[in-house]
Amino acid sequence: MAAQTDPMLPRPFRIEKVTHETADTFTFELSQQQTNGNSGFDFACGQFNMLYTFGTGEIPVSISGDPARPQRLVHTIRAVGSVTRAMKKLKKGDTLGVRGPFGSAWPVQQAEGNDVVIIAGGIGLAPLRPAIYSILQNREKYGNVVLLYGARTPQDILFEKELREWRGRFDMQVLITVDHALGTWKGNIGVVPDLIKRVKIDPDNTIAMVCGPEIMMRFCVIGLHNRGMEHDTIFVSMERNMKCGIGLCGHCQYGPEFICKDGPVFPFSKIRTLFDIYEL
Amino acid sequence: MNKKSKPSTHTLPASQLQKIIDLLYDQGYTVIGPQRRDNAIIYDEITSTDALPAGWIDVQEGGTYQLQRRDDDAWFGYAVGPHSWKQFLFPAKKKLFTIERETFRAQAEPADKTRYAFLGVRSCELHAIAIQDKVFRDGPYADPAYSRLRNNAFFIAVNCTEPAATCFCSSMNTGPGAESGYDLLLTELISSDQHEFLISSGSAKGRALLGTMELPEATPAARERSQELLTRAAEKMHRRMDTEKARKLLLANPEHPHWQELGTRCLNCANCTMVCPTCFCSTVEDVTNLTGDTAERWRRWDSCFTMGHSYIHGGHIRSSGAARYRQWLTHKLATWVDQFGVSGCVGCGRCITWCPVAIDVTEEITKFEPVTRDTAA
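Going down the list, the sequences are from chains A and B. Residues in the first sequence are numbered consecutively from 0, following numbering that gives the first Met the number 0. Residues in the second sequence are numbered consecutively from 0, following numbering that gives the first Met the number 0.
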């Protein structure tokens with residue numbers, strides 16, 4: 000029946016694995032509960048799903064897994080509201096509703112042949128992780144690859160094991176900073192945009208992908224622009240309230256854009272004039 | 000005007016309108032028409048022309064709506080009320096699915112197979128439906144429930160000869176006469192000794208129905224009278240909206256100080272968005288039964304004037320009333336054009352009438368015009 004393809008109906012997914020990333024952030028690995036043997040969940044890096052917990056509600060969450068491994072759908076979630084707090088209580092074997100994937104993607108193909116600067120703040124690393132996986136799998140297609148990551152405290156650093164791995168690679172530069180820390184922290188203290196000054200940027204041959212709080216993205220764009228990058232080579236991922244994910248409910252409007260179907264990933268040049276408007 | 004393609008116009012004695020209603024019921028339609036209820040003209044199911052608001056006119060102004068007796072017994076002698084046809088095609092509250100905890104299979108609500116026949120649709124309202132078509136039916140994702148109800152509906156338009164003081168459709172080219180989007184079109188002609196309609200069809204469905212009626216061809220005098228009524232109706236409208244200019248002004252002035260002033264007057268009651276025939280925002284509510292075994296998702300109308308509309312973790316994006324008013328007006332008159340190729344306003348004036356503090360969009364838009372140096376000095 001057409002019910003299977005109705006974009007407003009959540010499909011059941013089983014939680015196969017729960018990873019506690021930080022005190023408030025966790026990762027679900029999900030598998031599709033389908034009887035027809037349809038196992039893979041294809042998506043593009045940067046897209047999101049609407050995740051539903053039974054009876055509690057539904058929220059948009061970016062996909063944080065590897066697009067080359069579609070057998071498991073991976074979401075990294077921070078418990079901040081009623082739905083995400085209900086999700087935090089779910090265990091392996093529980094079921095979650097999924098609608099999607101929706102939205103635009105990081106320009107991983109467009110970036111081929113260029114240097115890539117990836118800048119993430121807090122849980123903003125989760126929507127960028129699929130792009131990082133994808134770029135590293137095709138590493139020879141890219142020039143320099145840089146990851147700048149900032150968290151509030153050392154305890155809030157996401158995907159620590161992978162960050163160590165990436166930092167250990169000879170073909171990738173990884174710089175990490177935290178907003179504040181105790182004396183045991185030997186790394187950088189400061190905001191993410193400050194890291195931009197410390198990396199080599201070839202402005203004519205670089206694509207930047209930025210995801211984090213709006214204030215952080217604002218200063219990252221300024222920092223990259225000051226290094227000579229044009230606004231159409233800087234990509235940001237935006238966030239707004241969403242109820243439907245398919246452009247019908249009106250909630251995610253951002254000027255003329257619907258974040259759910261025109262975004263969430265935008266070249267900054269497309270939203271530059273909107274970005275400066277307070278409370279838009 | 001190409002006279003060849005002009006469909007033939009007939010005369011329908013008022014007493015014969017009942018026959019059209021009966022024929023529509025015979026064909027399986029549920030007829031919805033105007034009625035007087037709670038001192039307003041509202042739209043609800045109708046089986047007899049006796050239920051039409053004969054002899055009533057709606058006197059409207061900013062923040063004011065009053066029904067008064069007319070000098071005649073016209074059935075469609077009012078403009079538009081608080082209802083619009085939106086509530087039938089895009090219901091204010093609708094169950095989307097039911098889901099069991101055990102199986103976690105979401106069962107979509109069975110499709111509403113009602114075939115509506117809307118009697119008394121104004122030109123502005125036909126334009127509003129065409130706008131909602133672009134939102135719900137013609138985009139990359141369609142709302143199947145809307146598309147079905149809308150595609151199955153039968154539209155009997157009635158030319159508007161009695162615009163309210165709040166109307167401004169003539170300046171937006173959305174009325175007062177209907178030009179397309181209807182199956183049948185009526186113009187009410189009433190005098191001391193006769194009550195009749197001019198009737199013409201605008202679709203194959205309408206032509207087929209009209210074909211069964213054997214009505215006389217309209218006289219040139221009656222046609223002339225109908226034209227005259229429409230010209231007079233257009234002349235009666237004093238409020239204006241320059242669509243192109245409004246769009247430019249709003250896009251150029253997102254930080255204009257007038258937004259703050261508007262924010263202090265607007266009560267954020269959301270009335271304007273509820274009565275607007277094009278506003279389409281909705282939210283969803285997830286509920287469970289008492290045992291927690293069954294859950295449902297309901298969709299209901301939402302408004303950009305509520306705080307929750309822009310809530311994301313950590314707070315509300317549009318926490319000031321000024322920002323919420325700016326979102327509504329800028330979307331309606333400016334960014335709607337970017338999204339759907341048309342303005343989101345049809346000039347029906349409902350937002351002016353039903354605003355409790357009488358904010359008038361046609362007046363407010365002029366406040367964004369640059370002050371010329373001569374007058375500023």
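Please keep in mind that the hints were generated in silico from the structure rather than gathered at the bench. These numbers were taken from a predicted model, which means no experiment stands behind them. Treat each hint with caution, since some may be false.
Below, computed lysine-lysine pairings styled on DSS-like, alpha-carbon distance capped at 25 Å [unchecked claim]:
#  : chain 1 : residue 1 : chain 2 : residue 2
1  : A       : K160      : A       : K87
2  : A       : K269      : B       : K247
3  : A       : K269      : B       : K133
4  : A       : K260      : B       : K244
5  : B       : K92       : B       : K133
6  : B       : K94       : A       : K260
7  : A       : K199      : A       : K260
8  : A       : K90       : A       : K160
9  : B       : K93       : B       : K133
10 : A       : K260      : B       : K366
11 : A       : K269      : B       : K244
12 : B       : K235      : B       : K133
13 : B       : K247      : B       : K133
Hint check results:
1. A:K160 / A:K87: holds, 21 Å
2. A:K269 / B:K247: holds, 18 Å
3. A:K269 / B:K133: holds, 23 Å
4. A:K260 / B:K244: violated, 28 Å
5. B:K92 / B:K133: With a Cα-Cα distance of about 21 Å, the restraint between B:K92 and B:K133 holds, given a limit of 25 Å.
6. B:K94 / A:K260: Holds. B:K94 to A:K260 sits at ~24 Å (cutoff 25 Å).
7. A:K199 / A:K260: Given pair A:K199, A:K260 is violated - Cα atoms ~34 Å apart, limit 25 Å.
8. A:K90 / A:K160: holds, 22 Å
9. B:K93 / B:K133: holds, 20 Å
10. A:K260 / B:K366: violated, 33 Å
11. A:K269 / B:K244: holds, 23 Å
12. B:K235 / B:K133: violated, 31 Å
13. B:K247 / B:K133: holds, 22 Å
Comparing the model with each earlier hint shows violations of hints 4, 7, 10, 12; every other hint is respected.
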